[in-house]
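Number of protein chains: 2
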Amino acid sequence: MHNVKVYVTYKDSVLDPQGEAVKGAVHRLGFEEIAEIRIGKYFEIKVNDSTQPIERVIEEICDKLLANVNMETYRYEIEEEA
Amino acid sequence: MHNVKVYVTYKDSVLDPQGEAVKGAVHRLGFEEIAEIRIGKYFEIKVNDSTQPIERVIEEICDKLLANVNMETYRYEIEEEA
Chain A
1 MHNVKVYVTY KDSVLDPQGE AVKGAVHRLG FEEIAEIRIG KYFEIKVNDS
51 TQPIERVIEE ICDKLLANVN METYRYEIEE EA
Chain B
1 MHNVKVYVTY KDSVLDPQGE AVKGAVHRLG FEEIAEIRIG KYFEIKVNDS
51 TQPIERVIEE ICDKLLANVN METYRYEIEE EA
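Protein sequences appear in the order of chains A and B. Here the first sequence is numbered in the UniProt record's numbering, starting from 1 and rising by one per residue. Here the second sequence is numbered in the UniProt record's numbering, starting from 1 and rising by one per residue.
Among the hints, a few may not be true.
If chains are identical, the list can't say which one is meant, so a pair holds when it fits in one copy or spans any two.
Stated by the list, open to error - Under the rule of at most 20 Å between Cα atoms (straight-line distance), these lysine to aspartate or glutamate pairs were calculated in the DMTMM-like manner:
#1 K41 x E80
#2 K46 x E32
#3 K64 x E80
#4 K23 x E36
#5 K23 x E59
#6 K5 x E77
#7 K46 x D12
#8 K41 x E77
#9 K64 x E79
#10 K41 x E72
#11 K41 x D63
#12 K5 x E81
#13 K64 x E81
#14 K41 x E81
#15 K5 x D63
#16 K11 x E33
#17 K11 x E32
#18 K5 x E36
#19 K5 x E72
#20 K41 x D12
#21 K41 x D16
#22 K23 x E44
#23 K5 x E44
#24 K41 x E20
#25 K5 x E80
#26 K46 x E81
#27 K64 x E32
Quick caveat, the hints were computed from the structure, so don't treat them as lab data.
Just chain A, same shape as in the assembly (with noise of 0.2 Å):
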């Protein structure tokens, strides 16, 4: 069984409309001091044992389905659960 943390953010190229709306909600709360604010998902994945190298499942995973790859970039940790 593995841990799997991914990270699905846009891309620095493309706008992030609703990270923008967020930085002027802060502002109205007085944290001026709040420069920029991007949002991305965050995927908790539990992984049991297989044939397959974990590393390919989750790209595959990730390219298919958790992140549009056009606008999109992913990273992703692997843990070893005891």
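Model the placement of chain B on the given structure of chain A, informed by the hints.
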């Protein structure tokens, strides 16, 4: 300037129907080894230096805006930017 990464997830006691739906889709793609998927939000925040401690700023923003503390929990990492 600091880079802060904030992860907002449902508390373990809260059902995550979106994660369950994604898990179903992953199984239909043929990845039966996926045991669980939980979905959260991920924020990358750039914070200018200010007179307030950055931890207090981040926690106040999370409590008031980024997380619903009744159902969600959050953690954050602060990185110094060169």
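Verification of the supplied hints:
1. Taking CA atoms no more than 20 Å apart as the test, K41 paired with E80 passes in neither setting, with 22 Å inside one copy and 23 Å between copies.
2. In this assembly of identical chains, the alpha carbons of K46 and E32 lie at most 20 Å apart only when taken from different copies (11 Å versus 39 Å within one copy).
3. Neither within a single protomer nor between protomers do K64 and E80 lie at most 20 Å apart by alpha-carbon distance, with minima of 24 Å and 34 Å respectively.
4. In this assembly of identical chains, the alpha carbons of K23 and E36 lie at most 20 Å apart only when taken from the same copy (7 Å versus 32 Å across copies).
5. For a Cα distance limit of 20 Å, the shortest separation of K23 from E59 across copies, 15 Å, qualifies, whereas the shortest one inside one copy, 31 Å, does not.
6. Taking CA atoms no more than 20 Å apart as the test, K5 paired with E77 passes in both settings, with 5 Å inside one copy and 15 Å between copies.
7. In this assembly of identical chains, K46 and D12 lie within 20 Å of each other by CA distance solely across copies; the values are 14 Å between and 29 Å within a copy.
8. For the homomeric pair K41 and E77, the shortest alpha-carbon distances inside one copy (14 Å) and between copies (16 Å) are both at most 20 Å.
9. With identical chains, the CA atoms of K64 and E79 are never at most 20 Å apart, being 22 Å at best within one copy and 31 Å at best between copies.
10. Proximity of K41 and E72 under a CA criterion of 20 Å is satisfied in both settings, with 10 Å inside one chain copy and 15 Å between copies.
11. Taking the closest pair of Cα atoms, K41 and D63 come within 20 Å of each other both inside a single copy (14 Å) and across two copies (19 Å).
12. For a Cα distance limit of 20 Å, the shortest separation of K5 from E81 inside one copy, 13 Å, qualifies, whereas the shortest one across copies, 24 Å, does not.
13. For a Cα distance limit of 20 Å, the shortest separation of K64 from E81 qualifies neither inside one copy, at 25 Å, nor across copies, at 34 Å.
14. Neither within a single protomer nor between protomers do K41 and E81 lie at most 20 Å apart by alpha-carbon distance, with minima of 23 Å and 23 Å respectively.
15. Taking the closest pair of Cα atoms, K5 and D63 come within 20 Å of each other only inside a single copy of the chain (15 Å); across copies the shortest separation is 23 Å, beyond that limit.
16. Taking the shortest Cα distances, K11 and E33 never come within 20 Å of each other, neither inside one copy (24 Å) nor across copies (29 Å).
17. Neither within a single protomer nor between protomers do K11 and E32 lie at most 20 Å apart by alpha-carbon distance, with minima of 25 Å and 30 Å respectively.
18. Taking the closest pair of Cα atoms, K5 and E36 come within 20 Å of each other only across two copies (12 Å); inside a single copy the shortest separation is 24 Å, beyond that limit.
19. Taking identical chains as interchangeable, the C-alpha atoms of K5 and E72 lie at most 20 Å apart whether they share a chain (16 Å) or sit on different chains (17 Å).
20. For a Cα distance limit of 20 Å, the shortest separation of K41 from D12 qualifies both inside one copy, at 15 Å, and across copies, at 18 Å.
21. In this homomeric assembly, K41 and D16 come within 20 Å of each other (Cα to Cα) both inside a single copy, at 13 Å, and across copies, at 14 Å.
22. Taking CA atoms no more than 20 Å apart as the test, K23 paired with E44 passes between copies only; the shortest distance there is 11 Å, against 26 Å inside one copy.
23. For the identical chains of this complex, K5 and E44 are neighbours both inside a copy (5 Å) and across copies (16 Å), given an alpha-carbon limit of 20 Å.
24. Both within a single protomer and between protomers do K41 and E20 lie at most 20 Å apart by alpha-carbon distance, with minima of 16 Å and 15 Å respectively.
25. For the homomeric pair K5 and E80, the shortest alpha-carbon distance inside one copy (12 Å) is at most 20 Å, but the shortest distance between copies (23 Å) is not.
26. Proximity of K46 to E81 under the C-alpha cut-off of 20 Å is restricted to the intra-copy arrangement: shortest distance 9 Å within a copy versus 32 Å between copies.
27. For a Cα distance limit of 20 Å, the shortest separation of K64 from E32 across copies, 15 Å, qualifies, whereas the shortest one inside one copy, 39 Å, does not.
Comparing the model with each numbered hint stated earlier shows that hints 1, 3, 9, 13, 14, 16 and 17 do not hold.
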